[in-house]
Structures are given as C-alpha cells and as structure tokens.
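Trainee: What follows is the residue order along each chain.
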Amino acid sequence: MSGPSTYEPQSGFTRWLDTRLPILRLAHDTMTTFPTPRNLNFWYAFGAILTAMLGIQIVTGIVLAMHYVPNSTMAFDSVENIMRDVNYGWLLRYMHANGASFFFLAVYVHIFRGLYYGSYKAPREVLWILGVIIYVLMIITAFMGYVLPWGQMSFWAATVITNLFSSFDQLSHLVNPHWNVGTTIAYWIWGDFGVSNATLNRFFSLHNLLPFVIAGVVGLHIWALHVPGNNNPLGIDVKGPQDTVPFHPYYTVKDLWILSMFLIVYAVVVFYLPDILGNPDNYTPANPLVTPPDIVPDWYLLPFYAMLRSIPQKLFGVLTLFGALAILVFIPWLDRSYVRSARFRPVFKIFFWVFVVNALLLGYLGSQSVDATFFGTGIPDVLLARCATAYYYAFFLLIMPFLPLFETTRPLPATIATAVLGNKAAE
Amino acid sequence: MRIALGASLGLAAFLGLTFAALADTVTTLPALPPKDVSWSFDGPFGHYDRAALQRGFQVYKEVCSACHSLNRVAFHTLDEPGGPGFTEAQAKAIAAGYKIPDEPNDQNKGQLYDSSGNRVTRAGTIADYFPPPFPNEPAARAANNGALPPDLSIIEKARAGGASYVFSILTGFGQTPPAGFTVLANKYYNPYFDGRNISMPPPLTDGSVTFSDGTKATVEQEAQDVVTFLAWAGEPKMEERKRLGFGVIAFLLVFSGLLYLSYRKIWHDKH
Amino acid sequence: MANVTSAEPNRRDFLYIATGAVGAVGVALTAWPFVAQMNPTASALALGSIEADITTIQPGQQVIFTWRSHPLFVRRRTPKEIAEARSVPVSALIDPIARNANLDDNAPATDQNRETKPEWLVVVGVCTHLGCIPTAFEGNYGGYLCHCHGSQYDTAGRVRRGPAPQNLAVPPYTFLTNTRIKIG
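Residue numbers (the numbering used here), protein chains in the order written: chain G, 3 to 429; chain B, 34 to 304; chain X, 28 to 211.
For the record, the hints were derived by calculation from the structure and aren't laboratory data. Among the clues, some could well be false.
[Stated by the list, open to error] Far from chain G, some chain X residues (derived; all Cβ distances over 12 Å): (1) Thr57; (2) Thr68; (3) Ala69; (4) Ala73; (5) Gln89; (6) Ile121; (7) Leu203.
[What the hints assert, rightly or not] Label-pair distances were calculated between CB atoms; the ranges are: (8) Asn141(B) - Gly211(X): 38 to 46 Å; (9) Pro211(B) - Phe332(G): 53 to 61 Å; (10) Asp296(G) - Asn177(B): 24 to 32 Å; (11) Gly325(G) - Ser96(X): 24 to 32 Å; (12) Gln144(B) - Ala119(X): 40 to 48 Å; (13) Ile278(G) - Pro211(B): 14 to 22 Å; (14) Ala126(B) - Ile278(G): 32 to 40 Å; (15) Gly424(G) - Gly47(X): 15 to 23 Å; (16) Ile160(X) - Ile142(G): 31 to 39 Å; (17) Ile278(G) - Thr83(X): 52 to 60 Å; (18) Asn167(X) - Asn141(B): 31 to 39 Å; (19) Leu208(G) - Ile160(X): 20 to 28 Å.
Here a beta-carbon is modelled for each residue, glycine too, at the ideal position from N, C-alpha and C.
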C-alpha cells in the first residue's frame, strides 16, 4: 500500500517538468520509494524478468521485421537471409526464437508462484485476471509468430489449430443443420480455404500488434499490483513500515541480480544450443501437400496439446482446451481458503506439487505421438493424458473449493517483521 | 499314428510356408538410431576443420551436385572467415566455373533462350549462389524416378540427428535387409532411413573423388568430409556464434558476481 | 538502510560504481548488433563490385550497367570527343576538381584525370544536382543533358552548365583485361 507521494523535485528543470507531466514523480513513487514487503524471495523476481523478456522480444522483433518478408513465397528464404547475410542476423533470430521459450518459462514460474502463495486472492483478483489475459495474449502471439518462418511445422501446426474452430459446426448444427459457423470462422481466420499466404500476412500484422497490447495490459497489471501492494511468501498483509523496504535499491538490485543469472541460462541456449527447443521439421519449407509424421507445437503449448488430444471427440477436445484456460479466471473465487500462502496449508501444498508434476507430465505426453505407450509400461499415453487432464480440472473445481473444509492450516505469524527478525533472533 | 504325424508335419510345413510368404510383405521398418559419431564442430568449443571443409566441398561438387542443389550458399561465403578458407581469387574461380541463368540485359537483348531452346547462361560471379542441377521440381523428379532430391543447404538442421544422421545414411548402404523385408522398386535398403526404403542410390564409393591433399578417399572419409561441409553450409556462423557466446557468458558471470555482492551489501542489515 | 553518505566515493561505494559501469558497458555492447544489423548485408556487399564486359561497345556508344543501385555509364569516346574534352582549360570549368575516386581528392579536372584509358569514360550516371539520370549525347557540350533541371556535362562528364555543382563522379575501377572492367 503506498501513501501520498514523497517526491520532491530538486532542480529547476525537474520542478518545471513535474507540473506539466509528473513522469519523474511516477517513476519515483512506483519504482524507487514504493514500499515492498521485506521478505520477498527468489520466486518474486520473475515479474521483473518477464518485463525484461518482453523488452527483448519487442526489440529483437522490430529489427527482425526490417528483414523478414511476410509472403509465402519469400518468408522461409527471408529467414535464411537473416541467418546468413544480415549482420548479426543469426543472433537476432536465435534471441527471438529462444526468447519466446524463456518468456514462457518465466511466465510459468510466475504463475506457479502466484498459485503457491495465494497472490490471486482478495484484494488481488483483478491483478490475477489481468495476468490471465496477458498469458492468453502471449499464447496467441507465440502461435502466430511460429507460423511466420513458414516451415513445415509452422504450416501444419497452424492448419491443425485453426481447424479446431471448424468443430463449432457441431454447435450450430444443433440449431440449423445448414449453418456451418465453425467453417465460416475458419475461412475468416484463414482468408482462404486453408492456411495460405493470406493467413501468413495477417498473422504477421497481428504478431506485430499484440506485443504492444501485452505491454499495455502489463501496465494495468502493475497498476493493479500497486493498489494493494505486493503479496509475500507468508501471505499476511503488511502492517506497517517495519514490514517493508523501499523498492530501490533493495529490489532493483536483487531483481537485476536474479535477472542476470536468468540471462546466463538464456545465453547458454542462444549461443550453444540454439535449436534444442525447436523442431527440425521447421527447417524444411512448408509443403501443403506433405504432412510431417508428427505435428507438435513448441514445448510451452504441449500441456494444452495433450489435453486437446486426450478427448477423442473433436468439439469436446476443443472445449477442454479452451476451458483449461478459461478456468484460470475463476481461481480467486474457486479457492475458499482464508489462508493465502501454501506455507501454512500443508495439505494444499501436497496437491500443489502434484499439480506441478501433473503439468510436466501433460507436457511430456503432448510431445509423444498419439499411439505411443508410456516408457515400456504398455499404458497408452492417451489414457494417462486423460487422467492428467482430469486432475488439472479437479485441482481447480474440487480441491480448491472443498479442501478448506477439511484442512487444518498452520498458525500465521503476527507480522512480516516479527517473522523475519524472529528468524534472525533464532540464529 | 505315422499318418497323423506325417499329416501334422505336412500341415506345419504348409502353414509355415504360407506365413513366410505373408511375412515377405514388410516394406517398412522403423529406422535405427544414427551412429554415435563425434564431430570437430560439436560442443561449446567446436570448430570446422578447414581441410575437411575443402575436401567435403570437393565431394559435394563432384558427386552430390549432380542431383542435389545448394541454393542458399553464395560463392562469396567460400572465402569468409569460419568457412572453407578459400582465397577471394579461388572463390571467384569456383564461381566462374558455374553457368548461371542470365538475366535480361542489353547484351542478350531479353532473349533468355537460344535457338535450341536452352537457357542462356553467363559465368558465375562471387555474388551468385550455387545453381541447382535441375531447373524445377518436375524436372528433378523426372530424372530421379519420381523422387525429389532435397536441397542440402540446411539438411543437417532439418533432420533429427543432424550430422550423425546424414553420416549414417551415407555410410549405411550395402547392408543385407532382414529376412522378410522387401526392397521396393527403384529404392535401396538403408536401415538409418525412416521406413528403410530410400530413393537415393548409394552415392559414395571408395575413390569416388581424388583428394588434392592426398587423403585416402574411403567411403567413410568422403562421408565425414561432406558431412562437415554440409554442417558449415547450414551454419556458416557457428564459429562466430560460439566465440561470441564465450564472451557474453563470461561478461554475464562477472556482472552477476558484482550484482550479487551489491545485493548482499545493500541487504546486509535487513535480513 | 544504514546511511553512510560521504562527500567523495569511498570503498563502500566503489562496488556500486563498478557494477554500474560494467552494466553500462554491457548495455553498449548489447546495443551494437541492433545498430549493425541495419548495415548492408553480406550479399549487398558482394554486389558492391561488378565486372563489366566492354567487348561489344563501339566508339561513340554508351552502355549502362548497374553498380550499387545506381546506373553506371561506360562510354567509348570517339577521337573527336577526346579532343573536345582536352581543349578545355580547367579554369573554364564550373567544378575544377576531378572527382575521380582513383585519384587524390584535390586532383584537377583535366581530361587525363577523368579516365584511366582516354577512350573509355566510366562515370556514375547520377546528376550531381538532385540525383536524376542524365541522357547521353545530348546538350551543347556533346556529353550529357539532365532533363530534370537542365544541367549539361561535356564528353569527360564534367559539368559545364548548372544547376549541378559538381562533375559526374568517377567510381573506383580497374581494367582487369582490355575487355573487362572491375568497378568498386
């Protein structure tokens, strides 16, 4: 919670500017003096990491767009031109492609942090929903971005996913057998009778637009955060100034440190393992007449892909997929516990970690071909995927609402300061 | 009793032959994993062996280029750092040895085909790219029993297993198919290729090329060198990438260290 | 935070200054590829020099090549055109500098300083006024006339009537053989 602004402009120029556009005051209040809980741990640095990754994606994206050609006859060649001829083109391309992966890695850590510490609970519901909106926009942006190189996987992943919309025909057929709402939507998205140059061109336009929409929603996200202030690992409210430290230099430096370590891992991938997260099929130019043996999206979409494929009926598979994202919006109201942080919820903590393992399992299953079995056990992957999807939904629809009825939570500390200083006194 | 035994044996033989005949219809098997080979360009300190690149270029030029294009490689990259290390003069000479379809200009007055219907060509310059052996896909297929030889510019990035996969294919010919496996018409048995029926005839034999540096041209050597050349063709910037990576990570380690120390100092009395 | 503020940076602040300096250097080094990527690509640079085959050009004829996105005039001069160009004193010229990339920046615009071989005039076909392409064999000086604003050049490509301020640029070039010129 921040009080009235304490900014005092020091020079003539800053006083002049402050009365016309108080931008320095804004920076001072939000990023310098902003009182932040003193006990934020490593997992809380990922918001800053995400901001950095968004910046990296936008800057590399803008310079790549100076060389990329969004036409189906030239797209693949233009990317190879970037890799071979443009000065440092290979670096920019690998930064952008792997930057998307690291962006998603950071967003998953950030989301799971929020789930664990109850950051979605009142009064931060809108903050959480804005986060879900950002996540969905990221998925759409990444999906469209993957189509742009116009490789085999670009084309066929686009075909499979946009074809999902044609399943809505089954809904409109309930009203009138001649209404093909789904196919109409699919043609509208494609601009043609299938994925084609028209699709590529519009995906390029939207892929350039959405990151700036994301940046705008991120602004709202941070604004919504600053109204109640940050949550913290104990999940208890800030009671006074002894519970907080100013954001600068405490968290600016800490976030920069953790960010630089994150960038080391990013650099190892960009410079030494640049294709490890990608699919070799995307180095073959798109061929509408040849389907690759296994169509898979990039790793960060695999859990949803597994959920989609686990349901044999096309429409229900699509609804399961969209439902898995939609359900995130309702989490603040699904979880009935009065205790925020899983540190004090020993049973919830177990279900949470099972949820994490379950998500990793779904990701693995999404990468396997449809008729595979699990590691020589003979159990069909699709059966496991159904169980994992069931657990995903059960976590939100059963565990979150009903566990608090049975759970005994641990006693909460009185204040953040006593918890922090209490530890010190115990040393 | 003997009749029963004889009849059983007869039946067994009949069934056995029938099932053997049925088993003879396997035309596709999963591929073996690629051979485990280590390459000079593997790992964080990998580099391209210049001599191998030049020998590999010779193998491509004299053997592979009859069917496979190398569309994305420009002649001017032959003398750039991190590559085969030809001089500018050598690269120009290589380029001039190729015939490039001419563009309409004042010299040919826009006539792009001569009286025999052949495309008018000019000598290659250093700015040109390797010309394809066939003018278009239908021509390539017609010359190769309906199969399309893929362009090799990024072949090692476009296949799971990369360099080792291509090496396994090139050295995997000549093996006897397992009993019951049928090699289809116009195809060859190669256990490293998915399905094991590959359209490419074995391209390499001992002595297919004579290396100017005197290296003995066995199939293994030729394959090793052309695989190294194709690795460079797909990733000409690899050496620069790894070199820059070393500097970037070293810098980030120092910077992280300084930030960590700053963090500890700032937080000293707050923990 | 314990405040130890002193007038000049002491040992405790050295760490922060060092960290900030390293960070600033990092930002500058990171910015370089983003700036450099806008420079001409390797393929553009490879096209930065061309080789022109001049075998079929007759005296009194000009052929236009493309060099670095500009028209390049290769003109084979007749003895009359050469004599005309040589009869002009440098003092009578609007632009007394040769503008020949193969020579010193200050070389005077004598006809000899405008060509490597007197028979062959090689100039960039861009008017030095505002960039239009002049037409050959037109104008009062037998050289070039630029239709945009009326500039006229002589048979050595030197400006004789404005508004163009400078002689047509002579690019760097060499004769590889008698029939082949490398430009750039």
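Trainee: Are the hints correct? Go through all of them and say.
Mentor: How the hints compare with the structure:
| no. | hint | in the structure |
| --- | --- | --- |
| 1 | Thr57 | 10 Å, violated |
| 2 | Thr68 | 4 Å, violated |
| 3 | Ala69 | 5 Å, violated |
| 4 | Ala73 | 9 Å, violated |
| 5 | Gln89 | 33 Å, holds |
| 6 | Ile121 | 40 Å, holds |
| 7 | Leu203 | 26 Å, holds |
| 8 | Asn141(B) - Gly211(X): 38 to 46 Å | 23 Å, violated |
| 9 | Pro211(B) - Phe332(G): 53 to 61 Å | 57 Å, holds |
| 10 | Asp296(G) - Asn177(B): 24 to 32 Å | 26 Å, holds |
| 11 | Gly325(G) - Ser96(X): 24 to 32 Å | 56 Å, violated |
| 12 | Gln144(B) - Ala119(X): 40 to 48 Å | 46 Å, holds |
| 13 | Ile278(G) - Pro211(B): 14 to 22 Å | 33 Å, violated |
| 14 | Ala126(B) - Ile278(G): 32 to 40 Å | 39 Å, holds |
| 15 | Gly424(G) - Gly47(X): 15 to 23 Å | 35 Å, violated |
| 16 | Ile160(X) - Ile142(G): 31 to 39 Å | 48 Å, violated |
| 17 | Ile278(G) - Thr83(X): 52 to 60 Å | 56 Å, holds |
| 18 | Asn167(X) - Asn141(B): 31 to 39 Å | 35 Å, holds |
| 19 | Leu208(G) - Ile160(X): 20 to 28 Å | 41 Å, violated |
In this structure, the hints that do not hold are numbers 1, 2, 3, 4, 8, 11, 13, 15, 16 and 19, in rising order.
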